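There are 2 protein chains.
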Amino acid sequence: MEVQGFKAGAVSANIKYQGRLDLGIILSSVSSVTGAVFTKNIVKAAPVLDGIELLSKGRSFRAIVVNSGNANACTGERGLSDCLKIRQETAKALGIEPHEVLVASTGVIGAYLPMDRYLDGIKEASQKLSEEGLLAVSEAILTTDTRNKVAMREVEIEGTLVKVFGMAKGAGMISPSMGPPQATMLSFILTDAYVDEEYWQEIIERCVELTFNRITVDGDMSTNDTVIGMANGLARNRVCDGQGPESKPLEDAVYDVMKSLSQQIVMDGEGATKCVTIRVTGARDEKEAELCARAISNSNLVKTAFFGEDPNWGRIIAAAGYSGAKFNPKKSVIKIGGVEIFKKGQPLDKKAEDKAKEAMKKPLFKVEVDLGAGKSAFEMLTCDLSTEYVHINADYRT
Amino acid sequence: MEVQGFKAGAVSANIKYQGRLDLGIILSSVSSVTGAVFTKNIVKAAPVLDGIELLSKGRSFRAIVVNSGNANACTGERGLSDCLKIRQETAKALGIEPHEVLVASTGVIGAYLPMDRYLDGIKEASQKLSEEGLLAVSEAILTTDTRNKVAMREVEIEGTLVKVFGMAKGAGMISPSMGPPQATMLSFILTDAYVDEEYWQEIIERCVELTFNRITVDGDMSTNDTVIGMANGLARNRVCDGQGPESKPLEDAVYDVMKSLSQQIVMDGEGATKCVTIRVTGARDEKEAELCARAISNSNLVKTAFFGEDPNWGRIIAAAGYSGAKFNPKKSVIKIGGVEIFKKGQPLDKKAEDKAKEAMKKPLFKVEVDLGAGKSAFEMLTCDLSTEYVHINADYRT
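Protein chains in written order, with this note's numbering: chain A, 50 to 447; chain B, 50 to 447.
Don't read these hints as lab results, they were simulated from the structure.
Honestly, I wouldn't trust all of these hints.
[Said to hold, decoys possible] Quick partial rundown of chain B residues pointing at chain A, CB under 10 Å, derived from the structure: (1) A122; (2) V157; (3) G268; (4) H440.
Note that the structure is a prediction, hence the values are computed from the model and not measured.
All residues carry an ideal CB built from backbone N, CA and C; glycine is no exception.
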């Protein structure tokens with residue numbers, strides 16, 4: 050898991066807990082073309098506000114510094130000045146400029162950062178940077194996640210090998226709203242591809258929209274969601290600018306990496322035991338297909354039924370019915386795990402339900418809802434709602 | 050709990066479970082002015098479709114027959130003909146006409162009614178009608194509810210005593226969408242008041258909008274939600290038609306009864322241990338106040354924090370932030386149990402949080418969010434999300 054030109058390192062800065070990796074630095078040896086999307090939540094954490102401001106001024110960055118355990122959100126002016134201080138100290142330690150550093154934070158909302166420990170952590174981490182350090186950073190960003198999430202793709206661009214690496218964290222407070230630019234958790238995409246600045250931002254936005262923005266764990270949208278993509282150009286491929294055939298492999302690779310990370314997030318959703326694809330077809334238009342897929346994906350009753358391995362299609366059709374999509378239940382079909390269990394407004398036989406129940410015992414399965422009202426489709430990835438989700442979130446802060 | 054002219058009775062028809070009351074009949078001795086609102090879910094149960102059809106033709110009814118254990122939803126043509134058969138047999142047993150009977154059902158979606166047992170139950174129940182029978186019916190309509198829900202108000206209308214009685218059921222799949230006419234569960238309002246037909250429908254719609262439509266348990270809207278109001282006029286008060294001073298006491302009484310039933314529903318929400326009022330003020334307009342109150346009320350992260358008695362205002366402000374309401378977090382204030390814990394974009398001291406935590410130990414408390422953006426307000430009633438909710442809904446059918 051290395052990408053030429055990128056070094057990384059992580060340390061235990063004891064930001065919230067003792068003795069676990071919670072602060073990481075990623076450094077590119079040269080200036081990197083950088084694209085990013087941030088949460089659309091009105092309440093934006095300090096590093097998000099800071100990042101939006103920086104990116105409005107320029108697209109060249111060298112480093113990312115990231116911590117878990119504290120979101121630095123709802124921390125007012127002090128949160129913003131802490132963020133600036135972090136950039137300054139990171140720049141000093143790395144021998145670069147403060148405006149070349151992006152900050153990302155995740156964790157509890159509404160607590161000030163323990164700046165002494167944070168700044169010590171920056172010094173320590175900057176001494177530990179290595180080409181193998183990306184995995185350590187992928188661990189340092191975790192909160193309620195139970196495992197780190199990384200993905201790598203290698204593609205050829207007109208004979209030149211290019212690498213796209215991604216890491217992500219996210220297990221709860223996962224639900225994008227619609228429409229780019231926007232993200233849903235923390236993810237850093239690193240590539241040695243040579244890419245045009247505007248096109249790189251477009252790739253990030255488009256791929257986020259098709260991947261991270263189509264997953265949900267609990268329907269809650271975070272204050273800190275951030276996706277940052279850095280492309281340092283060291284592969285020296287012909288520049289990808291979206292015009293020629295050299296661009297598609299890069300965009301495909303970014304999509305693949307984000308898609309893999311999205312799936313990893315849902316599979317590691319807080320308390321999740323099932324990862325379920327919700328595919329809605331036959332909608333009048335894509336907007337209605339999306340409304341319907343999101344309503345089913347976010348229904349607590351549907352998600353508890355998944356947990357109970359109960360092919361309770363009644364809850365699925367009820368959620369479709371209040372989603373805002375227009376359809377006639379008499380023309381709708383529902384399949385679970387490929388098994389038809391609802392058709393023409395009425396239930397099928399007990400045997401079908403038993404087969405569907407069998408399919409739901411797997412950790413991954415698919416729910417297909419054909420509304421029978423048109424030709425548009427939309428797909429979401431969701432997980433079940435378990436007692437463990439409640440335990441995790443009732444006890445998270447205390 | 051009696052209202053002159055109304056008799057009722059309930060029996061065990063073994064519709065889903067053995068030996069519990071699950072079928073009830075309410076009969077008015079004279080033709081009653083009837084108003085009703087039904088679910089806005091596109092997927093409507095057979096009795097809802099049947100009721101909408103009947104009410105489009107006339108507003109005079111004599112009886113309600115209701116069952117729990119089976120929603121008669123997604124049951125196609127057979128569900129509708131079962132519904133008609135129920136009206137015919139009830140009418141025969143009571144000596145009235147089929148078009149004077151309204152049917153309501155609640156329970157599992159997608160199973161056909163056990164008609165033999167149902168029709169036997171009708172015969173048996175019609176033999177048991179008495180003025181004291183309303184409480185038995187209020188028990189027969191329960192599903193995952195742990196207790197029956199009734200309320201009574203007596204008011205004077207220009208010297209004439211009038212009674213308004215209400216019963217309701219509902220514990221899960223509770224979340225109205227916006228805008229009348231629409232309901233959220235089963236509720237029957239019975240009064241001996243003499244009231245104009247159109248005005249009675251208006252009262253029902255207005256009061257539902259202010260009460261049942263402002264509660265949520267799990268954000269899921271049912272296929273069977275039904276509120277029926279019957280007014281038999283036997284109190285012989287001057288007719289209430291919304292024009293004179295005699296109308297307000299009646300409307301107030303209906304509001305009070307529905308408000309009490311709404312609170313009882315939330316307090317008996319599936320697995321709920323807390324009943325929480327969410328009051329949003331300072332919104333730019335009522336629409337945004339409502340969006341914000343609903344987002345907070347339906348947030349799984351907020352609701353699990355209530356369960357954990359954790360004054361996690363970060364989740365509250367995050368939900369406000371993605372609700373669609375526009376505001377500046379720096380001008381917002383959050384109080385829990387009357388204690389200010391967030392102001393001017395940053396946390397207050399630990400002492401305030403401890404006090405708020407203390408307030409959250411009570412079964413009822415209030416969360417106040419002042420957005421600081423305008424003058425509009427909206428209030429919702431919600432409950433916490435507990436491990437028990439998941440148990441109930443993962444195991445409901447199986």
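Per-residue hint verdict: A122/B, partner chain A, C-beta under 10 Å: holds (7 Å)
Using 10 Å as the Cβ threshold, decide whether G268/B counts as touching chain A. Hint on G268/B: holds, closest Cβ of chain A at ~6 Å, below 10 Å.
Using the nearest Cβ pair, does H440/B come within less than 10 Å of chain A? holds (6 Å)
Was the hint right that V157/B lines chain A, CB cutoff 10 Å? OK, holds: V157/B within 10 Å of chain A, min 7 Å.
In summary, this structure violates none of the numbered hints.
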